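Engineer: Now for the letters of each chain:
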Amino acid sequence: MEKEKHSLPAEKGKNYRSREALFDRIFKPQVITLSNGHSVIRRRSRAPLILLLLLAAILISLRMTGFNLALIIAKFDKLLDLFVKLFHPKWDFFSKVTGPLIDTIKMSILGTVIGCLLALPVAVLSSTNINHNTVIVSVFRFILALIRTVPTLVIALVCALIFGLGTFAGTLAIAIFTFGIVAKMLYESIETIDMGPFEAMEALGANKFQAFWSACVPQILPVYLSHSLYCFEMNVRASAILGYVGAGGLGITINERIGWRDYNGLGMVLLSLFVVVVAIEFFSEYLRKKLS
Amino acid sequence: MAEKLKNLEQAVDKKLTAAEMYALRPRKWLLYTAIVLILVLLVGWSGSSIHFEGLTVTGREVAKGVVSGVTHPDLKLMFGNGDTDVPYLLLQTMAIAVLGTLFGAILAIPFAFLASTNIMPKPVAYLFRVIILLIRTIPSLVWALMWIRVTGPGAACGVITQSVCSIGMISKMYITAIEDLDTRILESLDAMGCTPFQKIRYGVIPQLTASFISTTIYRFDINLKDATTLGIVGAGGIGASLVQCLNSRRWAMVGSFVWGLMVLVLIIEFLSTRVRKKLARGQ
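Chain order of the listed sequences is A and B. For the first sequence, the tail end lands on 292 under our numbering, and the numbers increase by one without skipping. For the second sequence, the tail end lands on 1283 under our numbering, and the numbers increase by one without skipping.
These are calculated hints, taken from the structure and not from any lab test. Note that the structure is predicted; figures quoted are calculated from it, not measured. Nothing false has been slipped in among the hints.
Derived SDA-like pairs (lysine to any residue); straight-line CA-CA distance at most 25 Å:
id : chain 1 : residue 1 : chain 2 : residue 2
1  : A       : 75        : B       : 1106
2  : A       : 289       : B       : 1180
3  : B       : 1225      : A       : 277
4  : A       : 289       : B       : 1130
5  : A       : 184       : A       : 142
So that you can see chain A by itself, here it is in the shape it has in the complex (with noise of 0.2 Å):
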């Protein structure tokens, strides 16, 4: 018992000393001895070193993407010339953003609500304490990061080139970026359950999934419906340019717009977008606020 005692401390130290960082064997920290006899470690700051690194992440990127200040200020009054007529924008030209923009809040609701069902079973499925089996978890999740890798864009325009220009595909793009998005954060929300309820319903005799869904369901219900809400705020945002590879939607009035050189109609456009887009992210706010 004795020896126990004395061996531990030792122990401590060394395995502190085996995970010390790289950084602190380069740099030794400095050990402060205090009037009383104690000495305490100081490590030697980061900062320099992290400084020095992102200066040459700088100087690289600034080499490799030609980024040149001086043009931009140069050239800007051709942004501000754009701006001017951005803020005078067409009002007779609203009678033709009305269509797109219903299509776009039309794609951006079908596919939230697709992508947000089949996000359900997948999120429980994915979360390690209600799903025990680590091979299930780790592939589902590697699948859903999988899914939240690829740019939505790119997703769109694949579907526009397997199903054709217009609606559909632009609502199978968002259903998709959905599903990663939600799945993932819902299975992050679902592991920070209380499972208390659901083991004292185990233990009563229920089943697992009875204790599943009177002890976890009310849990997940009001999160879930929260995610769902801030992901369709997202897509109405998103799924105004998927159009631009040919989804449907306002995307296809913004590209006309630019390519005409109409920039007072497409002030019009994101007028409008900017209105509804607001609209959308006031109401869903209150409806999250009344759900936490």
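Let chain A serve as the given structure and place chain B on it in line with the hints.
Structural biologist: Relative to chain A, chain B alone:
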């Protein structure tokens, strides 16, 4: 709410049994049916104009091509070191994201301070919030198309586009950090007789740096994904080549671009999550 409290009090006072409590449980079926009904109506409304018209003539071929491209990527393109090969394009995409995020993070600082209600008077703060909202609503592709007229096509356009687009989200998260500032620290510094500069150096900056850096890293994650799509309008990065290959149906090349993209995004996401976790724990 009041009714709930009354029920709870009753339960505590009269020591209701479990069965009686169960009879008093909150009933939300009306709310749930309303939600479901609204959802069904919305889906019905939007489903009416979105039609499935079957595959296009070449749809089957495209689907097959994508699958074969992803399973048989062009390895020469994937590991080559020329200007049009995957590693160079990925590096360029990253360069765009690095500069865009950095400039955006710096530009967002004045916006965030000007839009915080605890620092600026309310009218000014709300004015800047509307400006931030405006910046956020214009899709990044539209920003890119506008900036292209200034910088010309190329990676520089991607950088300036991302710098502007990042302002919206970054300053929104900065604002929350600023509004959560603990002012008691400033008061105690005041009591110690600190100058305004010292108050900022020792009272404000230490409170903000961790969350500012965390936000910036998070935005870098997003910008990296965004930078891949900006290429579609000619703003540099991997997107342009990817879309060109998709449109000209060179599936093996598509496969190698997609794999490169996936690996890069996954690695960056993993690293950024780790760093942000460390920052959140205060290390």
